[in-house]
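What follows is the residue order along each chain.
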Amino acid sequence: MAPNTASDMLAKFKDPALCRNLLDRIRAELPGPLAFMEVCGTHTVAIFQSGLRSLLPDEIRHLSGPGCPVCVTHEGEVAAFLELARKDGVIIATFGDLMRVPGPKGTSLKQAQAEGCRIEIVYSAFDALALARKHPESRIVFLGVGFETTAPTVAATIKVAKEQGLDNFLVFAMHKLVPPALAALLQDPEVNLDALILPGHVSTIIGVEPYRFLAEQHGVPSIVTGFEPLDILQALLLIIDQRKTGRPQVVNQYSRAVADDGNPKAREVMFEVFKVSDALWRGLGRIPNSGLALAGEYQRFDALTALDVQVHDLPPLPGCRCGDVLKGKMQPNHCPLFNKSCTPATPVGPCMVSTEGSCAAYYKYAL
Amino acid sequence: MCLAVPMEVKSINTELNVADVEISGVKRQVRLDIIDYPASVGDYVIVHAGFALRRLDREDALETLKLFQEGLNLQVL
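Residue numbers (the working numbering), protein chains in the order written: chain A, 1 to 367; chain B, 1001 to 1077.
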């Protein structure tokens, strides 16, 4: 009998009996050691939270890549938004995760707030527009972090701000693009990966085409997948299949949410407001064409220009190995600071701050 | 912050371009500016940072489940 409601249907993707069977097949068919990386904070959390990580055979190694938007925010960007927060007449509007990310001198937005800076946590970029309406005497700076999933929501918000003449609304665009970061990772000789699990919701927007090079140029099996245990297990089986046949491919396992050509409407809004630019990534450095900057008539919404703040290429915090963790070169518990000076209560680096960070997930679920 | 979740559409206000959505008792209002395919009441949409991104394809989800069933010779649906 078919499930009656969409909710019943979604529940089927967690079915324990099916999961056990898929796990048995993975064990039976695994041809040898396999290191796979996911590059999405939601996958990181799903793999730990569902218990999948501990159920996988020892020969399968799970790495969390640069897929947590807070974690990849560069030290120079953190310094710049802390500087913006200290400007007169500015109210910072931010997603909550950025509050505790330490800046170069160990300060964070949370501390800046305690010192009197005006900082508001918002759930959506759109909520920041309400702040702009409520405080016409101030300038609202929205901190735009996130990948291709989030950037269109910020672009749509900027378009509404323009339509409504809310000129006191500004954005610090730190958005980053996933495919150029994957290219940079695979070009790093120290990064050893057998396969990639591609981010489901980023793919909702960009589709499958931008990932083709992963299989064609780098020979890495890559699966766009959903976030339920069955999705992730099926992705691993697809990877094992490709290893056995020796034909790496990019496969869309998540077709219930990802059309092969993504969401053209969201991309249209995104590229009306933003243009592709270089970006600084924590741990990965400057990657050409991997970021988004405000374009054309929307440049007047750029917070850095309006408030005369620059982003500098600052060095990492002393001792912090978040960069190596993001590249899969180091497991969180091998960092000398892990569970010593760096814990979720006293984070040194962003991988321990964000709930989607691999260090925080490791601390919560694997200790 | 990146968590995107499927939520059920409870009502739609085309004038304001918003929908009321719900999952497990959690209610939100989401913008419809960037959804590629119009959703109807009762559909599930993927919600991220206050915006609906895409309607979930029920037929496709059932097809995926059917593949699991056939591949594993199990009664799923």
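For the record, the hints were derived by calculation from the structure and aren't laboratory data.
Treat the hints with care, as some may be off.
To be verified - Calculated pairs, DSS-like style, for lysine-lysine (alpha carbon to alpha carbon, straight line, at most 27 Å):
1. K1066(B) - K329(A)
2. K14(A) - K87(A)
3. K14(A) - K1066(B)
4. K134(A) - K1066(B)
5. K12(A) - K1066(B)
6. K340(A) - K327(A)
7. K364(A) - K340(A)
8. K1010(B) - K364(A)
9. K265(A) - K110(A)
10. K1010(B) - K14(A)
11. K12(A) - K1027(B)
12. K87(A) - K105(A)
13. K1027(B) - K14(A)
14. K1066(B) - K265(A)
15. K159(A) - K12(A)
16. K159(A) - K1066(B)
17. K87(A) - K110(A)
18. K1066(B) - K244(A)
A quick note: this is a predicted structure, and the numbers were derived from the prediction, not measured.
Of the numbered hints stated previously, which ones are contradicted by the structure, given in increasing order? 1, 2, 4, 8, 9, 14, 15, 16
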